[in-house]
Amino acid sequence: MNSDINKIDASLAEKLEQLIQTLSKPKVADNKTLWGSDECAAYLGLSKKKFMGDVACKRTFPQARNVGGSENRTNWRWVASDVMSWALAQKMTH
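Residue numbering for the sequence shown follows UniProt numbering, starting at 1 and increasing by one per position.
No lab work stands behind these hints, which were simulated from the structure alone. It is possible that part of the hints are untrue.
[As the list claims (entries may be wrong)] Derived lysine to any residue pairs resembling SDA-like cross-links, with alpha carbons at most 25 Å apart: (1) K49 <-> S37; (2) K32 <-> D9; (3) K50 <-> V67; (4) K32 <-> K48; (5) K32 <-> S11; (6) K15 <-> K27; (7) K50 <-> K25; (8) K50 <-> R65; (9) K58 <-> A42.
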């Protein structure tokens, strides 16, 4: 039983250390933060497939930047503040 508690304590301590490291990182301004398709999809409340197939390809959606220097689609990134502004400008339909 004590070994189980020790394992839980060690796991909790590791997770707390990860959280401290994450919270200690400096906050980067939204207009300097680049998001991949996963972050864009999560912000918009969509699946990655729906985001890439229906949103990222819209002419009104912010221009992506290829940060990898190749045509590999996994290197496309969007400026977070541009995505946020675009989302706020969209008409709500129900």
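Taking the hints in turn, this is what the structure says about them:
Taken as a hint, the K49 and S37 pair is honoured in the structure, with Cα atoms around 9 Å apart against an allowance of 25 Å. For the hint pairing K32 with D9, the CA-to-CA distance comes to about 38 Å; that exceeds 25 Å, so the pair is violated. Our distance criterion of 25 Å between C-alpha atoms is met by K50 and V67, whose separation comes to about 22 Å. The suggested pairing of K32 with K48 holds, with an alpha-carbon distance near 22 Å, which does not exceed 25 Å.
Between K32 and S11 the alpha-carbon distance is near 34 Å, which puts this suggested pair outside the 25 Å criterion. Under the criterion of a C-alpha separation no larger than 25 Å, the hint pairing K15 with K27 is consistent with the structure, at around 20 Å. Straight-line distance between C-alpha atoms of K50 and K25 comes to about 31 Å, which puts the hinted pair past the 25 Å bound. The hinted pair formed by K50 and R65 meets the criterion: a straight-line CA distance of about 20 Å does not exceed 25 Å.
At most 25 Å may separate the alpha-carbon atoms for a hinted pair to count; K58 and A42 meet this at roughly 18 Å.
Hint compliance for this structure: hints 2, 5 and 7 are broken, all remaining hints hold.
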